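> For reference, the chains in residue letters:
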Amino acid sequence: MITTQHALIFLLASLLLALAVALLPWGQVEREWQAYQRAYFAGENTAGEAAVRQIIPRLGLDGQLTTETRPELCLTCHLGLEEISPSHPVETFGCIICHGGLGLALDKDQAHTGLRPNPADLSIAEQSCGQTGCHAGHTDPSRNHLEQVTRSLQATYAGSIALVRYTFGAQKDLTPHLGIVGAVDPQPLPQTVPALAVFALTPDSLPAETQFAQNCLEGGCHLTEPASFQPYRYRATGCAACHVLYNDEGLYTGSDPTLPRDEPGHPARHQLTTAIPFSQCNHCHNRGNYSLRGMTFTPRPDLPPVGAPLPATMPPEGRRLREYYQPIGQFTLCEWELDCIDCHTQAEAMGDGHLWPDQKTMQYVQCRTCHGTLSEPPATARITDPNDPALRLARLNGHYSLEVGDEVIVTERGEKMGGVQQRDGQLVQFGKVDGREYNVPLVQGSQCQQQPDQQESRYCHQCHAYER
Amino acid sequence: MLPAQNPAHSAGLSYTLGMGGIAVIAALLTTVTGALLMFYYEPTLSGAYPSLVFIDSVVSSGRIVRALHYWAAQVMVVAMVIHTARIVFTGGYRPPRDVNWFIGLGLLLVTLVWNFSGYVLRFDASSIWALLVGTNLLKEVPGIGSTLYLIIVGDQALGPATVLRFYTWHVFGLTLLGLGGIGYHLWRVRVDGGLSRPDWTAGQPGRFVSRETILFREAMMALFLTGGLIILSILVPPQLGPSADLNRVGSQPVQAPWFFLAIQWLLRYVPPLWGGWIIPLTGLVLLALLPLLDRRGPGRGRWFARERWQPQAAFAGLLLLILVLSLLELFQVK
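These protein sequence lines map, in sequence, to chains A and B. Residue 1 is where the first sequence starts when you use this note's numbering, and the numbers rise one by one after that. Residue 1 is where the second sequence starts when you use this note's numbering, and the numbers rise one by one after that.
So that you can see chain A by itself, here it is in the shape it has in the complex (with noise of 0.2 Å):
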């Protein structure tokens, strides 16, 4: 017989039970991917719908074509995330293989384990950008860039320690033996050193490597040191140093919904690029004077606040004029016009796999190399074969054409520079950054009279001297 106090504990039951029940979508409320995507939406000014967006990469984790491999949600909160290059198509890479973490996952902490946030770091890209088959393992060794960055003064800051510890008497020559991270060259050449010790403040050190150690290295001039956060500064570390353009506030520009727009410190967008322009190299040089009797670093004084407005009578490359030397500093008109690598060499900045002593003897690039001497015209050479290396440049870097039969400059060291070709008898230039073209001059035919063994850019300053 069903008595009150049976209903009264039905009823008690089934409220519960309907509490539960009704608690279910309150337990599932809106995940912060849902957020993120509102917000996407909201950003862009377009209705789109919340959804889990997945990738299925068509390389495995190991860098080789499969069919088996995982799905990734990570765009489902990264939705608007540009895309990285051109050649790292998001669709066939996916973002784990870079960038490691959960990639099922769309709980955040749950997603970022494992997270490598920039992958180009020094200290992980073997297992990112220099994973065997990606950019290391190739029997070209131009190819294997991670091994060569590892190498070059833009990594060790080899000449800088040895300098400063040969000043202070803590070596007897200027050969270096130390450098920020160690490396071995298994083939040196007769100007290199076959290797390099970790420059480690021991109880041994003098005070000036310590002072040097202390205010010179941190939030410097290496690529495994993160940048000091400030403005004109901002970059990342390792490849990114450079492939990852940051703005002078390093704020964020770009759609992913989960980046903070207004936190400095993020670059300017997710994208790499080979077309670097000044303001990236400007961010590790150009940013002020060491001295190396006091061993202090003083910033230029001559920057304004960033995003301030430029004068009204500044010409339109105003900032670039502003901001590329600093007041002291004397150059040519193509020397600010340019940008640095429309003249300096993928080996000159990131090495070609020797441990150069210093910059003075790894920098080759002159002004004789494309301008020529009063004895002789700049070096050119024909691309005949489909596989050279400038080709690939052009092609990555995308601001300027070069095809199998261009005729192109030479550096001393056998390096075609594809951005610099002849063209109907006339030496053209295209700027790497925005694919400007300048006619360039020759010495001879000219009133130059500078003689073939003074070639340093000092020596051409004399005549050439831009006046701001």
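What the hints contain is simulated information worked out from the structure, not anything from laboratory work. Among the hints, a few may not be true.
If the Cβ cut is set under 10 Å, some of the chain B residues that face chain A in the computed set are [said to hold, decoys possible]:
#1 TYR49
#2 LEU52
#3 SER61
#4 HIS185
#5 VAL189
#6 ARG217
#7 MET220
#8 PHE224
#9 ILE231
#10 SER233
Coverage of chain A stretches by chain B, computed from C-beta distances (three or more under 8 Å per stretch; other residues unrestricted) [what the hints assert, rightly or not]:
#11 3-10
#12 100-106
From a predicted model like this one, the values you see are computed outputs, not experimental measurements. C-beta: ideal position from N, C-alpha, C; glycine also.
Model the placement of chain B on the given structure of chain A, informed by the hints.
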């Protein structure tokens, strides 16, 4: 399975605590939610953990179903331990219910292994640690250790075969044993003359409760339990640790599932054969011996009957020991 009329004495919550019923309902809940999880779970070395992440993150109501599976399984263990205690403290193991006592102990064992295998199938950092310890214990069994290891692990070391074997046992072998065992256990209750109770006192009329009333109680219990577990699952979803790396197993301190904490503590201080096998099995054998040592006499069907103080004291001591060791281990790791 129930007769039309049942003695009122043993049909109330104050006597049974309802724990047997709760355990059965929890078992059914784990079975249903487990079946749902099978649609998405991938029993492979590289796929297990990601598939759980997928269930948690993407699958519609996946997180709640997994949470419910987890909590129902925990409740099942707790309910069975309390149920076992109830049997001991009311003398329910005495003949003719001794066979069912053994069945019950077997079910307890099955439940622990069932639960443990589920813990392992999570395949996160802490669960593979437990897997490593648990399977290495197999090797300690004299004589047949390595064969046992091969049978359960499926290889010379933990690998793809292990996951598949644990999965198969978890969803097939142990489910069959568990649900089949429960069915038999319930049927035996009827065969043995219902739940234990004192002998009828001559001259006093027996009070009875109808089958419908008991069924109503069970149904209400099921409703309350399901509702409570859903709320618990919403409020406290089970965590998933970092993904497992078989090459780095044991490099960080992790805990065994809570019901094996005492054994984990033992393993720290005594040789594995003793800590992992002899001592726990001795405890189990002692429990199994109860109906053989305490067979008849007054005190049946009453909680804490003084006439049977020895077995109750022994059992309480055993329970206390497990509790203390578990707490010791808990705070050791913390």
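> Hint by hint, work out which the structure violates, then give me just those numbers in ascending order.
Going through the list in order, the structure violates hints 4 and 5 and respects the others.
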